[in-house]
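Novice: In the order they appear, the protein sequences are chains W and P. Just so it is clear: in the first sequence, position 99 is 99 by the numbering used here, and no numbers are missing. Just so it is clear: in the second sequence, position 25 is 219 by the numbering used here, and no numbers are missing.
These aren't lab readings, by the way, just hints derived from the structure by calculation. Be aware that one or more of the hints could be misleading.
Unchecked claim - Lysine to any residue pairs mimicking SDA-like chemistry, simulated, CA-CA at most 20 Å apart:
no. : chain 1 : residue 1 : chain 2 : residue 2
1   : P       : LYS256    : W       : LYS6
2   : W       : LYS110    : W       : PRO44
3   : W       : LYS63     : W       : LEU90
4   : W       : LYS110    : P       : LEU230
5   : W       : LYS6      : W       : GLY46
6   : P       : LYS256    : W       : LEU90
Said to hold, decoys possible - Far from chain P, by Cβ distances over 10 Å, these chain W residues were calculated:
no. : residue
7   : SER24
8   : TRP108
9   : LYS110
10  : ASP122
11  : TYR164
Just so you know, even glycine gets a beta-carbon here, dropped at the ideal spot from N, CA and C.
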Amino acid sequence: MTKSWKPGQPVILETPRFVVRSISRLQVAWHSYPWTFDPEVMHPFGFKAGTWTRRTWYRRFRKPNNKRKFCLGIWPKGQSKLIGYENFDLSPHGVAALSVLIGDREWWGKGVVQETRGAIIDFLFGTAGCVRVWGTPSVRNFPSIFNYQNLGFTCEGTLRHHGYDPGTQERRDFFVFAMLRDEWLEKRKQQGTV
Amino acid sequence: MSTDEARLLVAEVLEMSVDEIAPDGALGVVAGWDSLGHMRIVLGLEARLNRTLTPDEIISLKSVADIAALLAWHDGRAASTQQASMVSA
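This is chain P alone, in the form it adopts within the complex (with noise of 0.2 Å):
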């Protein structure tokens, strides 16, 4: 799911528990959040993801919730994509 998938990389990047990083967490609020927290969350997403997000991305990101709202959107994108070239082969 792709919510606690989210508070995981933050718990990961931040250094914490992930009972320490609740779903509605957002920037500024969950502790370790902060402008360096923010580095961190972003890098580790680009990592996670193994490319460079986009601007209208990198802006998105204010919350655990818009995290997992791209890791979905991700993982949609990619299951799409390995289904059509199955289909095609």
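Bound conformation, chain W alone (with noise of 0.2 Å):
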């Protein structure tokens, strides 16, 4: 983990798996592109697929700052094709908003949320002065919402036609899921993780 890491530089963990680190937005634009074109990347998401150019792709993240704004891909130890990227946003008063997309089919259902997932609420809590860290799946995302019953985020509610979803062309309800430091650390404790 990045125990040393200050406000501004780039982020690097590791899990026993995978390296997961800071990336440029025109990296993650770049090799991410190719999953604009899978409907079941990006609807839940309430993005269409395949409607992207790369420059609207790129247009669409945000840069990150790696102080407030956080982008991280994942690349699975001693591979240079990226798998994943997850964003997260740090508020002033230490709450992070999580976002996670696999737009590698051949690691969906292989635990990469959970194990990566894992090592970034760790460094949220650990390193970053963290408080709650927070998500907002469609309730139609069940392999996202697995991700957080599994680690542990409580539902704290349903935010009502919050979102879209392009391929039933229907609003799409979501839930609020969240996890507080104290608890993490407890479940971190019991695991014998810290």
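Assembling the complex is the task here: the two chains are given apart, and the hints tell you how they should meet.
Specialist: If you want it as structure tokens, here you go:
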């Protein structure tokens, strides 16, 4: 873990199988562009598939500054191919909003989010001074719901008609999942990892 | 019995033997009940009930017991609806 990290510096994390590190806006847009043609990747985020140019996809990303806005790429160790990325914004009051996209289908169902998000949450609570992390998956994004529940997040409620699903062309409800610092540290203590 | 039916449903969608699905099995504990497995379980349950689950129902599905409870509730409701229609007929 990046114990000596200071705001503005790239974040570099390591898990047993993956390297998770800061990536530039151009890099993430370039490497993730092929995924924009996959409806199963795009629809949970309310994006249409097959309608993006490299330019429009690039412009969708905000420039990460590693202070308040972060984008971390996920690479299997020993490989140069990006398989996904995790975005998070850090508020001045220590609240981080998470979102993740695993675009490489070969890695679906293989615990990538469980492993990498665990390391990211350790970083947020242990190094970046966060007190709360949260995320808002669509109620039909079952893999994402699994990931939040299995990591021990609490479902705090439902945002009704908060988003749009291009696949069904219907409004979608979204869940609010959150984890507090003390809850995470207690969980890690029970796992024997702190 | 709903627990057996829940175990059967989980076993079928995860392509496992029923014997591998313990009555106290849960998400992240049962082998194969990972993120994709969870999606298959929810979609399998919706196919079994022939309807879309509500957000409250989706969020409640963390274990075989939760699935059994939903099946029992649904079957009980279906039975009482059938009984009511027979009475009024």
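Novice: For each hint, tell me whether it holds in the structure or not.
Specialist: Quick rundown of the hints versus the structure:
Restraint check for LYS256/P and LYS6/W: the C-alpha separation of about 38 Å exceeds 20 Å, so the hint is violated. The straight-line distance between the Cα atoms of LYS110/W and PRO44/W is roughly 19 Å, inside the 20 Å bound, and the hint therefore holds. In summary, the hint linking LYS63/W to LEU90/W is supported, as the alpha carbons are separated by about 14 Å, within the 20 Å threshold. At most 20 Å may separate the alpha-carbon atoms for a hinted pair to count; LYS110/W and LEU230/P meet this at roughly 9 Å.
Restraint check for LYS6/W and GLY46/W: not satisfied, since their Cα atoms lie roughly 34 Å apart, outside the 20 Å limit. With a CA separation close to 30 Å, the supplied pair LYS256/P and LEU90/W exceeds the 20 Å bound. Chain P leaves SER24/W outside its interface by the beta-carbon criterion, the shortest separation being 28 Å against a cut-off of 10 Å. The claim that TRP108/W is not at the interface with chain P is violated, since a C-beta of that chain comes within 10 Å of its own (minimum 6 Å).
Not every CB of chain P lies more than 10 Å from the CB of LYS110/W, the least distance being 8 Å, so the non-interface label is violated. Distance check for ASP122/W against chain P: the nearest CB is about 18 Å away, which clears 10 Å, and the non-interface claim stands. For TYR164/W, the shortest C-beta to C-beta distance to chain P comes to about 16 Å, beyond the 10 Å cut-off, and the non-interface label holds.
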